[in-house]
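Following the hints, put chain X in place on chain S, whose structure we already have.
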Amino acid sequence: MLGLGATQLEDDMHRLLSSLFHQGVLDDHFSQLQRLQDHDSPNFVVEVVSIYFRESEKLLTTLRALLLERECTDYKKMGTHLNRLMGSSSSIGANRVRNVCVALRTFSERSNRAGCINSLEQLEYEQCLLKSKLHELFQLEQQRLMASGLGYGYHSIMLD
Amino acid sequence: MESVLPSSQFPNGLRVLVVDDDLTWLKILEKMLKKCLYKVTTCNLAEDALKMLRERKDGFDIVISDVNMPDMDGFKLLELVGLEMDLPVLMMSVDDEKSRVMKGVKHGACDYLLKPVRMKELRNIWQHVYRKKLLETKDMDFNEDFQRLRKGSDDSDEGSLFYGGDLKLSKKRKDAKDEDGDDKDTNDPASVKKPRVNWTVDLHEQFVDAVHQIGIDKVGPKKILDLMHVPGLTRENVASHLQKYRLYLARLQRQPEGTMPPNSNSREPPESQGSNSTFSGSSDETILPQNALSEIHDEFTSLHKTVTKRALALSKLDLLDVQKQDPVCHEGLQFISFGNTVYCEDYTSSTFPWQQHANEELPTLQIKQQHANEKIPAMHINQQSCVGDCTNLEVPFQQPDIQIQLNHPLSSGHPYSSDFIERTRMTNKGTFDLLNQTKQPITDCKLDHVSPLGSSADSMITFCLERNYPSTKTYELESYWDFPHININLQGGSTVASSMASQFEELHLRSVQSHGHVKDFVPNGMEMIHLNDSISAAEIPSFFYEETSISSDDLFNLMDDSLLTEGMSNLSHQLISSSISSPMLRDTWSTPINWVEM
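Protein sequence lines correspond, in order, to chains S and X. Start counting the first sequence at 1; every next residue gets the next number (the numbering used here). Start counting the second sequence at 1; every next residue gets the next number (the numbering used here).
With the rest of the complex left out, here is chain S (with noise of 0.2 Å):
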């Protein structure tokens, strides 16, 4: 039913995103990404999470080559690509990942290599689990809208 079922997906999409708030999973930064969006760019957040996921996958992808396929690790160039994931994870609020960021930069700068292999799995784990929970968290939206019928659009269960 309209409205109703509108509604108890809001209720849902609100708890989802207070309990990565609350987790640490997303910053504050995510909702400056909600603020941005608005008429002119209705999907505004969904596309710069896109964009994010991709670059970023990217980015793992060749650190991980950097850290695994060689024996010599070059750890400098993983701090740059470090340092780009982390900015990259601090646009979209995405807290979490970007802590691991930080503690991998750290023993790479030590040339710890258990200590990078080990941080760079918790990483992974990090980024799959944010995508997972943004990707839940866009499909309720999809799903709130088409149960509400209007285009309120995703700001409209911001949380501010």
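What the hints contain is simulated information worked out from the structure, not anything from laboratory work. There's no promise every hint is true.
Where chain X lies over chain S, by a calculated footprint (3+ residues, C-beta under 8 Å) [what the hints assert, rightly or not]: (1) 21-33; (2) 43-49.
Across the chosen pairs, the derived CB separations fall in these ranges [what the hints assert, rightly or not]: (3) X:Glu-136 / S:Thr-7: 55 to 65 Å; (4) X:Gly-13 / S:Lys-77: 33 to 43 Å; (5) S:Thr-7 / X:Asp-95: 41 to 51 Å.
All residues carry an ideal CB built from backbone N, CA and C; glycine is no exception.
Same frame as chain S, but now just chain X:
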């Protein structure tokens, strides 16, 4: 493509180029900047960015670039942009490590933003554009010539800086007689983009030749310009250079043996922020002495002098009889007349009293003439029976009133002024206070009346003295509002033969900042900036700031009867504009700036 931003819209439509290899950020920044109503162009490669900038000269107003980029070091891009296009560049980075930040600043970054960048940081980036334009238009020809011509003089610190009066000069000249169609500079520095003229030795030679040909007494900028046949040189450029030249000549007349080692080949990077020469407003149209050109150049450069307040002191003051109607003031030390306005100067902060010599009628200084009618914030004591030194103002005890006349140019059209006027009217009490020596408001001296501070000429602040005030005390006038309060020495009794210096000490001006300003009074930044647009340097009395480190030296000795108004006010303009960059100070300057006639 002209980089003209209509002042009314500024900073909307500010053309920003964003360079970042991170596509996520690029998208986000683009959106954020668009929300700030800027015109955004994005680029994810430094090389592309450079190409774009080179292709579209004047196509952008500001560049934001990330520090870490794959194809080119962000710092390198920063440098190149600064050198080639002279645009303000903001750096961005994930990393806020001090050394990186320092590196950024060293390479000329206007600011260093830390990622993740917030929206509010981007909102204010227009200030960098504005500041740059302001500084640019001010030190147009000025810096270049003198930097160039000067030779490692050790007095070359900022102390001597009187900012190029070109801006004001040309504005005034335009106001006076707008003959040229090449007036690109409106009253909006944001839209001005004056070409810098390098007054090289050769160019100056041409100039001097032209002057010789025409004859120094018949010379005029247009004539010189025509004779010089220098493409790209505007009448404006020549006019300002002529002004400087005249001053230099006047100075030369007075000190024919003042020589410096010739140095016609010095070329210094035109980056200096400040060396400008001082003006001397001699009234003589001197015949061009037959000196070697290099000597002339040397002399020109020797105009860089530092000015100490002591020398400035009163010994040089020579007030006009302009103030005939106010016999009180014209001989006062603190009160210096300029045109019909008398200034109350701040001496402890080594500001420069303007002075006007009776003989001064220099046609090139028509600014001065105009100023006679302009509203310049100043104050003088207007007491009927007061004679002699203003510092030793005799308070006639039979008259219970102290009237302070405030020449306050708050034009009524000004958004700021109505507020001020209202408050002044509504709350006379506390608007102005007479303070005693311990900085306490004098309770038995009531502010009787503040005549409206409107577009009319002067406002009068009248204090009603309920008793006779001891004549030897020093009093201060303090304004509660965003208004640099001015201290008056109400010393009465017989003439106090105190030394110049001490008189100066007694008179000091506290900055509005120390006073604390009324927050809600401050117009928003945008407004203030607009007002700045029409600031004409000379209109801002130099006592508006305290931190000047001008030390006057021989300059004053050399320029005996000179009018240093322009110099001083230009300096004040410089300082004000530089202080604008400080957000804290910005508010405090808003008032004086607002006082400029709009």
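Cross-check of the supplied hints:
Interface restraint, the region 21-33 of chain S with chain X: holds (3 residues with C-beta to C-beta distance below 8 Å; minimum three). Figure legend: the region 43-49 of chain S, annotated as covered by chain X; annotation consistent (3 residues with Cβ-Cβ distances under 8 Å, at least 3 required). For the hinted restraint 55 to 65 Å between Glu-136 (chain X) and Thr-7 (chain S), the CB-CB distance of approximately 58 Å keeps it satisfied. Between Gly-13 (chain X) and Lys-77 (chain S) the Cβ separation comes to about 41 Å, which falls inside the hinted range of 33 to 43 Å.
Roughly 45 Å separates the CB atoms of Thr-7 (chain S) and Asp-95 (chain X), a value that falls within the hinted 41 to 51 Å.
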